[in-house]
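S.K.: One letter stands for each residue in the lines below.
2 protein chains.
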Amino acid sequence: MLSVSPYLKHFDPTSAQIEGAVWIERRLSQLRGCFADPKAYDTALEHDDPLVYSVSSFEPATNNGDLHIGLGKIMPGRVGSEYFLTRGHLHAWREASEIYIGLSGEGLMLLETEGGEARSIPLTANSIVYVPGHTAHRTVNVGSSPLTYLGVYPAQAGHDYAAIANNNFRQVVIELGGQAVVMNRQAWLESHPAR
Amino acid sequence: MLSVSPYLKHFDPTSAQIEGAVWIERRLSQLRGCFADPKAYDTALEHDDPLVYSVSSFEPATNNGDLHIGLGKIMPGRVGSEYFLTRGHLHAWREASEIYIGLSGEGLMLLETEGGEARSIPLTANSIVYVPGHTAHRTVNVGSSPLTYLGVYPAQAGHDYAAIANNNFRQVVIELGGQAVVMNRQAWLESHPAR
Chain A
1 MLSVSPYLKH FDPTSAQIEG AVWIERRLSQ LRGCFADPKA YDTALEHDDP LVYSVSSFEP
61 ATNNGDLHIG LGKIMPGRVG SEYFLTRGHL HAWREASEIY IGLSGEGLML LETEGGEARS
121 IPLTANSIVY VPGHTAHRTV NVGSSPLTYL GVYPAQAGHD YAAIANNNFR QVVIELGGQA
181 VVMNRQAWLE SHPAR
Chain B
1 MLSVSPYLKH FDPTSAQIEG AVWIERRLSQ LRGCFADPKA YDTALEHDDP LVYSVSSFEP
61 ATNNGDLHIG LGKIMPGRVG SEYFLTRGHL HAWREASEIY IGLSGEGLML LETEGGEARS
121 IPLTANSIVY VPGHTAHRTV NVGSSPLTYL GVYPAQAGHD YAAIANNNFR QVVIELGGQA
181 VVMNRQAWLE SHPAR
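Protein chains in written order, with the working numbering: chain A, 1 to 195; chain B, 1 to 195.
Looking at chain A on its own, in the form it has when it is part of the complex (with noise of 0.2 Å):
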């Protein structure tokens, strides 16, 4: 038999590392202007800079009709009210979805339209969320324990994470009273007590 490891990849969904597969980390200091908040950002960066999340992609090949997998881990917290998120992209290649499946823990998908629509989409264990094309998107963990999942995507699909830089998301996903709240982000910033 000849070898199969070009075509077969184990992952641990604890440790949410898929072996041999390239890995990123996002630590707090690196996910400057993805808050809404930026004293609490600064506030919290004084104290520590922990591991906001990390993702182990597999990208097995890069023709036109070639998939990768990534598997993301984000840890429960928050930068004042805002729970912990990634930074967020859209894909290079417009059109490219992607479909996020749920293995563990809370969370909420932020859905972005280029024309400005917004969504949040709940995403645990055992559910598929579908990404559409020219769609950012965000993921948002809202509960205690870390959230992890695998999105596939098309290999061409490229990430953009420019156009977020500029104008971030329209919602912010906040604690209030022990629930995770979607808010539009400017109607947040404008009624935030603590500002």
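Zero decoy hints are in this set.
Per label pair, the in silico range of CB-to-CB distance:
1) 12/A with 170/B: 25 to 35 Å
2) 144/A with 163/B: 48 to 58 Å
3) 167/B with 166/A: 48 to 58 Å
Keep in mind the hints are simulated off the structure, nothing from the lab. All C-beta atoms in this analysis are idealised placements derived from N, C-alpha and C, irrespective of residue type, glycine included.
Assemble the complex: chain A is given as a structure, and chain B must be docked to it using the hints.
M.R.: This is chain B only, laid out in the frame that chain A set:
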């Protein structure tokens, strides 16, 4: 908040159903020509017409860049010595790859290029199997419990069953002394004592 239904599906890993998704079932009588031993197939059918496998498919959109996801479940069982299997297919769009994610059970995937190069790859919980383009693929349950898995593929992949129906796969997966053994089909047919 707008409706989330086009974006979110829950699945039941035990029944292997994705809510509101396309559902197909394949009983033994629908798999004529897939198993190596036609006598064993006819004998098995005289007794019963069991469910061999089911696939639940979520097909949210069909544009270039879109993805579909299927949830497969193969029951444990054999036809003679040969383990229960899926019909197997090439993608009609040959460049289309597929990513399988094992959920439960013990399986093998038979991969075979159009040039006839054959491989078998284990498929178990927490494993990812990459099926390149131009590669026929069949899934086999070699365990004693249902084998369940997710498969993600480009929306435009399509299914071509005809190429397989003409030649079948070069490899068969046979129970031999309580073990699953992968053999060349022709070699097995020639050595098979019951024929």
